[in-house]
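Participant: Here are the chains, one letter per residue:
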Amino acid sequence: MATREVFESRWEAVGLLVPTVIVSVVFLYLPAVRAVELSFFEVGFGGTSTLVGIENYRQLLASGEYHASVAVSVLFALVVVVGVMAVSLFLTFLIHEVGVGQSLYLVASIWPYALPPAVAGLVFLFLAHPTLGVFTQPIEALGVEVDWFSDGGQALAVVTIAAIWKQVGYNVIFMIAAMNNVPKSLTETARLDGVGRLKRLVRVYVPIMSPTLFFLVIMNTIYAFFGTFAFVQVMTKGGPSGATNILIFDLYRTAFQFYEFGVASAKSVVLFAVVGVLMYVQFRVTEEYAHYGG
Amino acid sequence: MTLLETLTDAPDRTAEYLRDRPGVADLRDRLREDGLALHALLALSILVLVAPVLVATVVSTKELGIVTSLADLAPGSHAVANYRRALVDLEFGQFMLNSFVMSLAIVVGKLTVSVLAALAIVYYRIPYKNAAFLFVLFTLLLPVPVRFVPLFRLVTDLGWDNTMLAITVPYIASATTVFILRQHFLSIPASLVENAKLDGVGPFEFLWHVLVPMSKGVLVGVSVIMFVYAWNQYLWPLVIINDQSQQVVQVGLGLLRGQAQAGDVAWALVMTGSMLTLLPPLVLLALFRKPLLQTFTIQQK
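Those protein sequence lines, which keep their order, are chains A and B.
Residues 4 to 297 (the working numbering) make up the first sequence, in order.
Residues 39 to 339 (the working numbering) make up the second sequence, in order.
If we strip away everything but chain A, and leave its shape as in the complex, we get:
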């Protein structure tokens, strides 16, 4: 049987792995371990650390502000994931159905993948600005007073829309690949049976695409928790009164505005738990699909 493992020298192999291992240990693993360690300390301004045990975690458990931040993050992530996937699935389906100009439509849909979050946030800040915004007048004509600099609900809505906008491209990239993998014969059968377009999408394509859709749920959740810092920093700075204070922004402020390194590290550990759980679920579900050949 042919094998790929044609080189024998262990020292060579170690040498090839060393750069990755060193950078991983020094800049990824050790700081992560240090974060866990620091979360049990109170760190003063001069860098003096006092062991305080689980005091930092107890503080987080008791903090109404932190609970609010958790609630905002979960709500935000939920709306972003559902919103991005609904919009992207619809757009992908349209592209899939069209015969002429398909690749042009595809490029026009995936470009937000390249959009920097800071730019997306800034453009939306300007377009929906309560006094300067282009979109403000048309929206106000509908009877809604645009006031998101002081209305928390509106602020969260604007940040959410901007975050969804940026993530559509990434989702379409994966969805179109999955949808194109649906056997043509299935599409034909559905057509001959007189199954309508929308029904075909929901009953035929979505189930077949489910591994990809699941992968995207996880990636979009990670995006909502970790990739959206720039939106909040640029658009709202967590306000008004904490309405957009998602966990990652809260963590940044704790660390680099209040310099509470101990508490911030405890918050890092909480976020680590979030990625950990997400990745674990993804790993388990992917394994499941692999077993059943889905």
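It should be emphasised that the hints constitute simulated quantities derived from the structure, not laboratory data.
Glycine is no exception: its CB is placed at the ideal position from the N, C-alpha and C atoms.
Treat each hint with caution, since some may be false.
[What the hints assert, rightly or not] What follows is a set of in silico ranges between Cβ atoms, one per label pair, in the way DEER data are often shown:
(1) B:Y166 <-> A:G156: 46 to 56 Å
(2) A:G242 <-> B:E243: 51 to 61 Å
(3) B:N280 <-> A:G242: 19 to 29 Å
(4) A:I142 <-> B:K167: 13 to 23 Å
(5) B:E101 <-> A:V77: 41 to 51 Å
(6) A:G156 <-> B:I226: 20 to 30 Å
(7) A:A71 <-> B:L230: 27 to 37 Å
(8) A:S52 <-> B:M252: 44 to 54 Å
[Claimed, not checked] Computed footprint of chain A on chain B; a stretch qualifies when at least three of its residues, placed anywhere within it, have a C-beta under 8 Å from a C-beta of chain A:
(9) 155-163
(10) 250-261
Based on the hints, put chain B in the right spot on chain A.
Facilitator: Here is chain B on its own, set in the frame of chain A:
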């Protein structure tokens, strides 16, 4: 043939003419099959998706950038002045240069280090191979926010704050890149590798003369993914770079917004800066769309 006959006949004869040209006739049939509604719906969706950037582009050509009605959306005459002012007076040229250097260094560093690691993981018979691969994959659980207080202290202790080292070296190890390259290498037929081995080819010759030529698309694809990722980094440069002359373009953009809110610069210039920041990753996406899409399909496995 009378004029009237010619006119009434025209549609049929056009159809006949088109039928003789398979490409055109085919296109027409396919268009008819698509239906106008589908194209209208797609065009509308894409318009919604593109509108914010279109408006921003128009605003970036104006003097002030105050747009209160649709009539204000005609392009202005200050394009050259705005882009020159942003690049020269407002240091955007410097910010962009810093971002380019950072992104290129990350791409080259990550690619080199990851190709070597993937070579070891796929083509060497070594013990604990799965453990080594898991060790690399596990770093996916450690994005910057999970470790940034200790990382900040480490990089400051090394004396790297405000330097290019701070915003490049910590990014060099990449689980995603190693993973994609491993998957791709595993798809190259093993028999080919054995032939190379029989010919007595050493690992580096094998890498350079066999693997690299067979991986061009993937290498381009991951490079674009890495460049976009690096270019769009915001949080870490914000934390570790204080010296404005060393700042990257994403954070520089925030400085510009601050000036606009303080009334020091016009909003038109903020949109100019935004478009400058968007341009490089957008151009890469447009140029390397195909290898990029192919590489993404590997990532999901």
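Participant: Any hints from earlier that this structure breaks? Give me their numbers in increasing order, please.
Facilitator: Of the numbered hints given earlier, those the structure breaks are 4, 6, 7, 10, listed in rising order.
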